[in-house]
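A.B. asks: Could you build the full structure based on these sequences and the hints that come with them?
Chains as they are written, first to last, in the working numbering: chain A, 1 to 546; chain B, 547 to 907.
Calculated directly from the structure, the hints in this document are not laboratory data.
All clues given are correct.
Pairs of lysine-lysine residues, derived as DSSO-like cross-links and limited to a Cα-Cα distance of at most 27 angstroms, are as follows:
no., chain 1, residue 1, chain 2, residue 2
1, A, K63, B, K727
2, B, K757, B, K727
3, B, K626, B, K831
4, A, K99, A, K297
5, B, K725, B, K757
6, B, K757, A, K63
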Amino acid sequence: MARTIPVSARISQAPARATSLRLMVAAGLVALFVSIPLVYLFVRAAGADPADWQRLLQARLWKLLGNTLTLALLVTSGTTLLGVSLAWFTERTDLPGRKLLRWMLAMPLAIPTYLGAIVHLALMRPRGGLIPQGVEALLGVSLPLPSPLGLAGSVFVLTFFMYPYVYLLSGAAFRSQHAVFEEAARTLGRTPWQTFWQVTLPMLRPGVLAGALLVALDVLAEYGTVALLRYETFSSAIFVQLAGRYDRSAASILSGVLVGLAMLLLWAELRLQGEARSTQMESAWRPAPPIALGVWKGPALLFVLGVTAISLLVPLGVLSAWSVQALLDLPTLSQVVRTGSQGMVHFVWNSLWTSLLAALAAMTLALPVARFSVRYPGRLSHLLARVCQVGYALPGVVIALSLVLLINRFLPFLYATPVPILMAYVLRHMPQAVRAAESALGRLSASLEEAARTLGRTSLLALIQVTLPLVLPGLLAGGALVFLTSLKELPATLLLRPAGFDTLAVRVWVWASEGFYVQAAPAALILVLASALPLSFLLRREPLFR
Amino acid sequence: MWFRYALLALISMVFVACSAITTTPTASEAPKGASPSPTPSGSATASAPINGELVVYSGRSEALIKPVLDAFQAQHPEVKILLRAGSNSELANALIEEQANPQADVFITTELFTIQALAQEGVLQSYLPPGADQWPAEFIGPDQMWVGLTRRARVILYNTDQVSPEEAPTSIFELTDPKWKGQIAATGSTNGSMQAQIAVMRQLIGEEATKEWLQGLIANQTTFFGGHTDVRKAVGAGEFKLGLVNHYYYHLQKDEGSPVGVVYPDQGENQIGLITNATAAAIVKGARNLAAAQALVDFLVSSEGQRLFAERNYEYPIRAGVPLREGVLPLEQVRLAEVNVSAAAAEFDAVFQLIEEVGLP
Numbered sequence: 001m002a003r004t005i006p007v008s009a010r011i012s013q014a015p016a017r018a019t020s021l022r023l024m025v026a027a028g029l030v031a032l033f034v035s036i037p038l039v040y041l042f043v044r045a046a047g048a049d050p051a052d053w054q055r056l057l058q059a060r061l062w063k064l065l066g067n068t069l070t071l072a073l074l075v076t077s078g079t080t081l082l083g084v085s086l087a088w089f090t091e092r093t094d095l096p097g098r099k100l101l102r103w104m105l106a107m108p109l110a111i112p113t114y115l116g117a118i119v120h121l122a123l124m125r126p127r128g129g130l131i132p133q134g135v136e137a138l139l140g141v142s143l144p145l146p147s148p149l150g151l152a153g154s155v156f157v158l159t160f161f162m163y164p165y166v167y168l169l170s171g172a173a174f175r176s177q178h179a180v181f182e183e184a185a186r187t188l189g190r191t192p193w194q195t196f197w198q199v200t201l202p203m204l205r206p207g208v209l210a211g212a213l214l215v216a217l218d219v220l221a222e223y224g225t226v227a228l229l230r231y232e233t234f235s236s237a238i239f240v241q242l243a244g245r246y247d248r249s250a251a252s253i254l255s256g257v258l259v260g261l262a263m264l265l266l267w268a269e270l271r272l273q274g275e276a277r278s279t280q281m282e283s284a285w286r287p288a289p290p291i292a293l294g295v296w297k298g299p300a301l302l303f304v305l306g307v308t309a310i311s312l313l314v315p316l317g318v319l320s321a322w323s324v325q326a327l328l329d330l331p332t333l334s335q336v337v338r339t340g341s342q343g344m345v346h347f348v349w350n351s352l353w354t355s356l357l358a359a360l361a362a363m364t365l366a367l368p369v370a371r372f373s374v375r376y377p378g379r380l381s382h383l384l385a386r387v388c389q390v391g392y393a394l395p396g397v398v399i400a401l402s403l404v405l406l407i408n409r410f411l412p413f414l415y416a417t418p419v420p421i422l423m424a425y426v427l428r429h430m431p432q433a434v435r436a437a438e439s440a441l442g443r444l445s446a447s448l449e450e451a452a453r454t455l456g457r458t459s460l461l462a463l464i465q466v467t468l469p470l471v472l473p474g475l476l477a478g479g480a481l482v483f484l485t486s487l488k489e490l491p492a493t494l495l496l497r498p499a500g501f502d503t504l505a506v507r508v509w510v511w512a513s514e515g516f517y518v519q520a521a522p523a524a525l526i527l528v529l530a531s532a533l534p535l536s537f538l539l540r541r542e543p544l545f546r
Numbered sequence: 547m548w549f550r551y552a553l554l555a556l557i558s559m560v561f562v563a564c565s566a567i568t569t570t571p572t573a574s575e576a577p578k579g580a581s582p583s584p585t586p587s588g589s590a591t592a593s594a595p596i597n598g599e600l601v602v603y604s605g606r607s608e609a610l611i612k613p614v615l616d617a618f619q620a621q622h623p624e625v626k627i628l629l630r631a632g633s634n635s636e637l638a639n640a641l642i643e644e645q646a647n648p649q650a651d652v653f654i655t656t657e658l659f660t661i662q663a664l665a666q667e668g669v670l671q672s673y674l675p676p677g678a679d680q681w682p683a684e685f686i687g688p689d690q691m692w693v694g695l696t697r698r699a700r701v702i703l704y705n706t707d708q709v710s711p712e713e714a715p716t717s718i719f720e721l722t723d724p725k726w727k728g729q730i731a732a733t734g735s736t737n738g739s740m741q742a743q744i745a746v747m748r749q750l751i752g753e754e755a756t757k758e759w760l761q762g763l764i765a766n767q768t769t770f771f772g773g774h775t776d777v778r779k780a781v782g783a784g785e786f787k788l789g790l791v792n793h794y795y796y797h798l799q800k801d802e803g804s805p806v807g808v809v810y811p812d813q814g815e816n817q818i819g820l821i822t823n824a825t826a827a828a829i830v831k832g833a834r835n836l837a838a839a840q841a842l843v844d845f846l847v848s849s850e851g852q853r854l855f856a857e858r859n860y861e862y863p864i865r866a867g868v869p870l871r872e873g874v875l876p877l878e879q880v881r882l883a884e885v886n887v888s889a890a891a892a893e894f895d896a897v898f899q900l901i902e903e904v905g906l907p
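C.D. replies: Structure, rendered in C-alpha cells:
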C-alpha cells in the first residue's frame with residue numbers, strides 16, 4: 001500500500017502539470033486582456049505633457065480629489081450606517097413582515113442610480129419640484145428646502161440606492177453568526193448593549209467592510225448621478241473633458257489619478273475578501289434568537305418602510321405615473337415608440353443582446369482564471385486572479401477612454417461597431433464573474449474531476465462532463481450579475497456607442513438630460529423590470545432569501 | 547508590439563461570436579455607400595439615385611433635427627439614416643478621433659466655431675449645394691467647407707406672472723445684478739449655444755470682462771441646466787423668473803400655454819447688440835456615402851428643408867424667401883452683435899480655458 005501511493009501520485013501528476021500549463025496560458029491571456037486598458041492608460045497619463053500636469057495640478061486636481069473623496073467617504077459611511085441597521089432589523093429582531101421587507105430592501109439594486117437622481121430632481125427641485133410645491137400648497141408659504149443638487153443631493157441619492165450592497169453582505173453576516181458567541185458574552189456578564197458592540201459588530205466587520213469598499217468603488221465610478229446633480233468628481237470631469245476638449249491628455253491624467261485611487265480601495269477590498277469568506281455557516285450553526293422590539297416595533301417598522309419608500313416605492317411610483325402620462329399623450333407616445341432611426345424594440349433588443357453576450361463572454365473568460373487559481377493555488381495563479389479584479393477599479397468613463405484610444409490605434413475596424421461596448425462591459429464586470437466562478441469551483445471537490453480522469457476522460461472532457469454541470473448554477477449567478485450591471489451601465493455605453501446604436505440606459509439618459517422626463521419614463525420602467533429579473537434570480541440563491 | 551498581437555489574437559478569439567451579431571441591422575460595418583443602384587429614388591431634388599446608410603452626427607438635439615431628417619427620409623426611403631446626437635464638441639472630438647477611419651457622412655452643429663475649427667483641422671470636405679449662390683457670404687464657410695442652415699438669437703426669457711415687461715432686464719449684463727439672485731436659469735458649459743455665446747463675448751468685450759460676467763452669473767446663484775428644455779420649462783413653471791435661452795425656446799414654451807415673455811437684449815446705443823448663432827452642416831472628409839450626404843445637405847438648404855426649420859422650430863431660415871413663422875421677430879428689426887469665426891479653433895481653446903478657470907458648471 002505504502003508503495004502504491006507515490007506511484008499513483010506520479011501518474012496523476014504528469015497530466016495535471018500539462019493541464020496546468022494550458023490553463024496557465026489561458027488564464028494569463030485573460031489577465032493580459034483585462035489589464036491592457038489599464039496599462040495603456042497609465043502609459044498615456046505618464047507620457048502626458050508636463051505642462052498639462054502642471055495646469056491640472058494647479059487648477060483642478062486638488063478640488064476634484066477633495067470632491068471625489070468627500071463624496072466617497074460620506075456615501076460609504078451613509079450606506080454602512082443604513083445597511084447595517086436595516087440588516088440588524090430584518091435579521092436580528094422580531095420586526096413583522098421581515099421576509100417581504102428583505103426583498104424590498106434589496107430591490108433598489110435594480111434601479112440605476114441615475115434614475116434615482118432623475119426622480120429625486122423632479123421631486124425636490126426648488127420651487128418647481130413636486131415636494132416643494134406640495135409643501136407650498138399645504139402651508140401656503142414656500143419653505144426654504146435644501147437644494148437637491150451638489151454634494152448633499154448626491155450623497156442622499158447615492159446612499160439610498162447603494163445601501164443594498166452593505167445590507168446584503170451584513171445581513172448574511174448577521175445570519176451566519178453563531179448564537180453561542182453572544183450567549184457566551186452574556187454569561188460572562190456583558191450587558192446586551194456591550195455584547196452588541198464587543199461581540200456582534202466585530203464579527204460583522206469583514207462583511208460590512210467588503211460591502212462598504214464596493215460602495216466606495218462604485219462611487220468613484222459613478223457618472224450619471226453626479227452629472228445630473230452637478231457635483232463635480234473625477235468621473236464627471238473626465239466625461240466633460242472627453243466631450244469638451246480637443247485633447248486627450250488631460251482626460252488621461254485625470255483617469256490615471258482616479259484609477260490609482262480606485263486601486264488602493266480595491267487592494268483593501270481584496271485583502272478583506274479572504275477574511276470575509278471565513279464567516280461561513282457550520283453544521284452546528286444555530287441562529288441567535290430574535291430580539292423582541294416591544295414598543296419600538298412601530299418606529300422600527302416606520303424606519304424600514306421609510307427607506308423602502310425613498311429607494312423603491314417612490315421612484316417606481318413616479319416612473320409609473322410618467323409612463324401612464326406618456327402612454328396617454330399621443331405625440332409623446334409616438335416619440336416613445338418610434339424615435340431615432342429605430343424604435344423602442346430596437347433599443348430594448350440592443351440592451352438585451354449586448355448585456356447577455358457580455359455575461360456569456362465574462363463567464364467564459366472567468367472560467368480558466370478561476371480554475372487555475374482554485375485548482376493550482378500558488379503565487380502566479382493568485383496574481384492572475386487578482387489582475388482580473390481590476391475592472392472594479394476601472395470606472396466606465398475610464399474604460400471608454402482607453403478603449404477609444406486603443407481601438408483607434410490598433411483595431412480601427414472595430415471602431416464604431418458595438419464590439420467596444422461589449423469589451424467595456426466584459427472588462428468592467430469581469431471581477432463579478434471571476435468571483436462567482438472561484439466560489440463555485442472552490443466548493444467542488446477536486447477529486448470529482450480526478451475520478452473522471454481515472455475513468456479515461458481527457459481534462460477537457462472532464463471539465464465539460466463533470467465540472468461544468470456542477471458549477472453551472474454558480475457560474476450563472478456570476479453571469480446574471482454581469483448581465484444586470486451591464487444593463488444598467490451608462491457612461492461607457494454613451495461614449496462608445498456607434499451612430500444610431502441606442503440602449504435602454506442611453507435612451508433614458510438622452511431624453512432625461514434634455515428635460516423630456518415623461519418620454520423617458522416607459523424606457524426607464526422597462527430597464528428596471530429587466531434588471532429586476534436577474535436580480536431576483538440572484539437573491540433567491542442567497543441563504544438570506546431562502 | 548507584442549501586446550498588440552496578443553490583443554488582436556484575444557479579441558478575435560473572444561469576440562468571434564459578436565461579429566456575427568455586429569453585421570445585423572445596427573452595425574455600421576455593413577457596406578455603406580454601395581455603388582448607386584439603378585433603382586430610381588423617386589425624388590425630385592436628387593439627380594442621382596441614392597441609398598445605403600447615411601451617418602449623421604448632429605449637435606442639434608434629437609428633437610430639433612428629427613422632423614427634418616424624417617422629411618428627408620420620406621423623400622429617400624432607400625436611405626437608412628443613423629443619427630448620433632450629442633454636444634457639438636463631443637461630436638467634433640469623435641470626428642477628429644475618427645479622421646483616419648471616418649464614420650460620419652454629415653455633421654450638423656448649432657454654432658459656427660466648432661464647425662470652422664473642424665474645417666481648419668481638415669476633417670471636412672468642401673461642398674456647395676445648388677442654390678447656395680443666394681446665401682449671404684458669411685454663411686458659407688471658407689473654402690466652402692460648411693454651409694449655414696439657420697440662425698438663432700440669444701434672448702432673455704421671463705415669466706410674465708412674476709416679472710412685468712418693464713422690469714425685465716434689457717441687457718445680458720443685468721443678469722449679474724444681485725436683484726435677480728437665485729432667479730436665473732441658463733445652460734451650462736457643455737451646451738454649444740452657451741459656449742458660442744462666451745466665444746462671441748470674448749471677441750466683443752474681451753477676456754477679462756467676459757470672465758467677470760461669468761463669475762457674476764455664478765455669484766448670482768444662476769442654476770445651470772444641461773439643456774435649454776429644462777430652462778424653458780423651469781421659467782414657464784415659475785421656478786425661475788429669468789432664463790438665458792435661444793429665441794425659439796420662448797416660442798416653444800409659449801406654445802405650451804405658459805406665461806412667458808421675451809427680451810432681445812442689448813439694443814441700446816452703447817450696448818453690444820443681439821448675439822446670434824448659426825447652425826451649419828458639412829460633409830465629412832472620407833464620407834462613405836457621399837451621394838446621400840450631398841442629397842441631405844441639398845435638402846437642408848432647400849426651400850422645403852428651410853421651411854421645416856422655420857415652421858417646426860421657429861428658427862431664422864437663411865434661404866431668402868422662406869417666411870418666418872408667425873410671431874417671430876424679424877432680425878432686420880434688431881441690432882446684431884458682430885461675430886468673427888475665422889480663428890475658431892484658437893478661439894474655442896480659449897473659451898474652454900475660460901470655462902475651466904471660472905468653474906462654470
